[in-house]
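With the hints as extra help, turn the sequences into a complete structure.
Number of protein chains: 6
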Amino acid sequence: MTNSKTALEKGRDVVARLNPGLEGILSEKYDALVPGFAESLTEWAYGRHYARPGLDLKTRQLCTISALTVLGGQTAPQLKVNINHSLAAGATRTEIIEAIWQMAVYGGLPAAINGLNAAQEQFDEIDAKAA
Amino acid sequence: MTNSKTALEKGRDVVARLNPGLEGILSEKYDALVPGFAESLTEWAYGRHYARPGLDLKTRQLCTISALTVLGGQTAPQLKVNINHSLAAGATRTEIIEAIWQMAVYGGLPAAINGLNAAQEQFDEIDAKAA
Amino acid sequence: MTNSKTALEKGRDVVARLNPGLEGILSEKYDALVPGFAESLTEWAYGRHYARPGLDLKTRQLCTISALTVLGGQTAPQLKVNINHSLAAGATRTEIIEAIWQMAVYGGLPAAINGLNAAQEQFDEIDAKAA
Amino acid sequence: MTNSKTALEKGRDVVARLNPGLEGILSEKYDALVPGFAESLTEWAYGRHYARPGLDLKTRQLCTISALTVLGGQTAPQLKVNINHSLAAGATRTEIIEAIWQMAVYGGLPAAINGLNAAQEQFDEIDAKAA
Amino acid sequence: MTNSKTALEKGRDVVARLNPGLEGILSEKYDALVPGFAESLTEWAYGRHYARPGLDLKTRQLCTISALTVLGGQTAPQLKVNINHSLAAGATRTEIIEAIWQMAVYGGLPAAINGLNAAQEQFDEIDAKAA
Amino acid sequence: MTNSKTALEKGRDVVARLNPGLEGILSEKYDALVPGFAESLTEWAYGRHYARPGLDLKTRQLCTISALTVLGGQTAPQLKVNINHSLAAGATRTEIIEAIWQMAVYGGLPAAINGLNAAQEQFDEIDAKAA
Chain A
1 MTNSKTALEK
11 GRDVVARLNP
21 GLEGILSEKY
31 DALVPGFAES
41 LTEWAYGRHY
51 ARPGLDLKTR
61 QLCTISALTV
71 LGGQTAPQLK
81 VNINHSLAAG
91 ATRTEIIEAI
101 WQMAVYGGLP
111 AAINGLNAAQ
121 EQFDEIDAKA
131 A
Chain B
1 MTNSKTALEK
11 GRDVVARLNP
21 GLEGILSEKY
31 DALVPGFAES
41 LTEWAYGRHY
51 ARPGLDLKTR
61 QLCTISALTV
71 LGGQTAPQLK
81 VNINHSLAAG
91 ATRTEIIEAI
101 WQMAVYGGLP
111 AAINGLNAAQ
121 EQFDEIDAKA
131 A
Chain C
1 MTNSKTALEK
11 GRDVVARLNP
21 GLEGILSEKY
31 DALVPGFAES
41 LTEWAYGRHY
51 ARPGLDLKTR
61 QLCTISALTV
71 LGGQTAPQLK
81 VNINHSLAAG
91 ATRTEIIEAI
101 WQMAVYGGLP
111 AAINGLNAAQ
121 EQFDEIDAKA
131 A
Chain D
1 MTNSKTALEK
11 GRDVVARLNP
21 GLEGILSEKY
31 DALVPGFAES
41 LTEWAYGRHY
51 ARPGLDLKTR
61 QLCTISALTV
71 LGGQTAPQLK
81 VNINHSLAAG
91 ATRTEIIEAI
101 WQMAVYGGLP
111 AAINGLNAAQ
121 EQFDEIDAKA
131 A
Chain E
1 MTNSKTALEK
11 GRDVVARLNP
21 GLEGILSEKY
31 DALVPGFAES
41 LTEWAYGRHY
51 ARPGLDLKTR
61 QLCTISALTV
71 LGGQTAPQLK
81 VNINHSLAAG
91 ATRTEIIEAI
101 WQMAVYGGLP
111 AAINGLNAAQ
121 EQFDEIDAKA
131 A
Chain F
1 MTNSKTALEK
11 GRDVVARLNP
21 GLEGILSEKY
31 DALVPGFAES
41 LTEWAYGRHY
51 ARPGLDLKTR
61 QLCTISALTV
71 LGGQTAPQLK
81 VNINHSLAAG
91 ATRTEIIEAI
101 WQMAVYGGLP
111 AAINGLNAAQ
121 EQFDEIDAKA
131 A
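Protein chains in written order, with UniProt numbering: chain A, 1 to 131; chain B, 1 to 131; chain C, 1 to 131; chain D, 1 to 131; chain E, 1 to 131; chain F, 1 to 131.
Where hints are given, some of them may not hold.
One copy or two, it doesn't matter: identical chains are merged, so the pair holds either way.
Unchecked claim - Okay, derived cross-link-like pairs now, DSS-like style, lysine-lysine, Cα gap no bigger than 25 Å in a straight line:
no., residue 1, residue 2
1, Lys129, Lys58
2, Lys80, Lys58
3, Lys80, Lys29
4, Lys129, Lys29
5, Lys5, Lys129
6, Lys80, Lys10
7, Lys129, Lys10
8, Lys58, Lys29
9, Lys129, Lys80
10, Lys5, Lys80
By construction, these hints were calculated from the structure, which means they are not laboratory data.
So this is what it looks like as structure tokens:
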């Protein structure tokens with residue numbers, strides 16, 4: 001078991017599974033502005049949340065997709081990153097779309113439609129890279 | 001397959017599984033104020049969303065739990081109803097708590113803590129009824 | 001015409017029509033905490049917005065009802081005050097309810113249901129006073 | 001009267017008045033991603049809300065303008081569509097602008113200013129098409 | 001300097017200054033529900049944020065007051081805790097009230113008024129304890 | 001003392017210090033759309049809030065930075081203007097960044113990251129102009 005690992009180490013294990021280069025990218029982009037940014041985010045988001053037992057990683061990712069959808073269109077960049085993470089965690093495109101569209105009930109139609117637009121753009125980008 | 005059913009009928013099938021008396025309760029509480037309320041909600045939320053294929057009901061419910069958490073403390077009544085629905089859909093208390101607490105990353109600590117408080121109250125109420 | 005009046009004076013004219021005692025109540029409740037509160041709110045909200053030409057007062061009030069609904073359940077106290085103002089501006093209860101319920105499309109079902117609950121409570125309170 | 005029509009049929013009647021091609025556009029853009037999207041949106045938003053009696057269509061549209069304004073700048077695309085719908089329902093540009101600017105009181109200045117920016121862009125686009 | 005301390009240790013130093021019993025209270029209230037809750041919150045909020053150099057603790061607290069105000073009335077419990085923390089960090093009641101009331105510009109009047117109400121209740125509670 | 005000045009005059013004094021050309025720019029951009037816009041904003045935001053005693057201008061600005069951060073990425077234009085105002089009020093870039101990043105605790109990581117992105121863009125723009 002990973003219980004003897006620090007939260008930061010556990011977070012890095014999750015990141016290795018979802019998005020191996022993430023901490024480096026974040027470090028390069030933000031650490032000059034906010035010293036310690038990449039480490040802090042890895043520890044908190046991935047070590048202190050995604051690494052927790054009690055809920056499987058794929059469901060965690062779909063919950064994140066729904067939450068980012070209701071939080072509104074300004075979270076489109078984070079939604080796109082987490083669509084990639086959800087696919088890496090084993091979710092299908094259909095499951096992702098359903099987790100977005102259902103949010104029309106809770107966050108309203110504009111939030112859900114903005115979420116669908118972000119998903120469509122991200123799927124298109126993935127397909128373009130694969131082509 | 002249920003494809004020949006109307007959205008309203010499909011919604012009623014889902015409600016029968018999650019919370020059999022719900023449409024009647026909503027009708028009694030809101031239909032005088034908003035004619036057609038209970039039917040409209042059943043059709044839209046349950047028939048047009050939860051009844052869709054592509055994502056299992058338990059995961060849909062956990063996505064709802066996360067969304068209601070980031071939408072803030074004013075959704076506590078809806079969060080409590082959906083905690084019951086999540087349990088009915090097969091989620092464990094731990095899975096529900098994890099779907100709430102992870103939202104500290106996306107909606108901030110106050111939203112997550114308010115969500116935990118609502119969950120604790122709902123669990124306590126369930127236990128009190130069971131005692 | 002009121003063009004030669006200050007924004008504060010125009011605001012007081014609107015308040016006289018919607019809720020004559022409002023500035024005094026606000027002054028007593030908040031001016032010790034925030035010096036100038038009641039005057040500032042009257043000038044800004046009523047003098048600089050509701051007093052403007054170009055949209056009739058009743059429609060302005062119904063727009064406010066919808067906005068307070070999508071802003072979430074934490075605005076219930078303001079929603080109740082503005083239900084009274086809407087009635088004073090000539091809106092019917094039905095029009096108010098419709099302005100709330102329609103928000104299920106834009107702000108999601110929890111916001112709309114919380115709005116309906118606040119309206120029902122306010123109508124009940126008005127009826128209790130009238131009885 | 002349309003009472004014997006289904007919610008979907010009533011919604012299509014409203015869409016025919018506000019934006020005749022809308023269901024087709026939505027179908028083409030979203031139905032592959034979310035099977036049933038255009039029909040579901042037409043039924044819920046237009047059939048279950050805008051088609052209701054009790055509040056005239058123009059006021060309903062102005063309420064929507066205000067709500068989309070306070071929901072923040074991420075709803076700019078929806079605000080622009082609903083500016084068109086409001087004009088189709090008989091609202092003037094001035095009434096639309098007033099319904100936006102008043103929201104500075106309830107949603108804060110940034111939301112109101114973002115709403116004004118979206119309106120100005122939409123008016124410019126309408127004028128450019130008319131030229 | 002505290003540079004060799006872990007984020008958790010730095011967080012505990014800040015908590016010792018602002019609210020010495022906080023971690024224990026949080027542990028008792030939430031750790032059974034969310035194993036590791038109190039430690040995780042202390043590490044993230046206080047160790048990874050409030051303990052950072054570059055902005056003094058009093059200003060950090062007033063920034064938090066403003067943020068909780070615009071986040072809406074559902075954050076009243078957190079606002080009250082942070083009013084206590086702001087006083088402990090050296091802010092005056094007037095500074096706290098000003099940090100709340102200014103938010104009428106950015107988050108709208110309802111959010112600001114709900115914030116003032118929470119502050120008044122907290123000041124009254126402090127005075128009642130001191131009496 | 002400025003007590004004998006009107007709110008509008010006091011607002012203009014603050015604007016002269018933070019951003020001398022602001023009222024003219026706002027007037028040119030919005031007064032045709034919303035008659036009286038620039039004067040009304042100057043009176044309310046700067047005269048009725050920033051000009052108040054009880055909290056220094058620099059801290060007021062940092063509170064605004066934090067509030068705009070938690071209000072979400074749609075406030076990026078306002079955040080950039082207020083970064084300039086904060087610098088004019090004597091805040092350092094580091095203080096501004098800390099006021100943004102701390103908001104990860106209260107508004108969630110997406111809001112904080114969007115805020116950091118806006119700040120980086122604004123700093124780059126300032127540096128490009130200075131070059």
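Comparing the hints with the structure gives:
1. Lys129 <-> Lys58: within (23 Å within a copy, 33 Å between copies)
2. Lys80 <-> Lys58: both (16 Å within a copy, 24 Å between copies)
3. Lys80 <-> Lys29: both (17 Å within a copy, 19 Å between copies)
4. Lys129 <-> Lys29: both (23 Å within a copy, 22 Å between copies)
5. Lys5 <-> Lys129: neither (36 Å within a copy, 40 Å between copies)
6. Lys80 <-> Lys10: Classified as within; 23 Å inside a copy, 31 Å across copies.
7. Lys129 <-> Lys10: Neither way: lysine 129 and lysine 10 sit 30 Å apart in one copy and 39 Å across, limit 25 Å.
8. Lys58 <-> Lys29: Cα proximity of lysine 58 and lysine 29: none, with 27 Å in one copy and 28 Å across.
9. Lys129 <-> Lys80: Classified as within: same-chain Cα gap 15 Å, cross-chain 33 Å, threshold 25 Å.
10. Lys5 <-> Lys80: Neither. Shortest intra-copy (30 Å) and inter-copy (35 Å) distances fail the 25 Å Cα cut-off.
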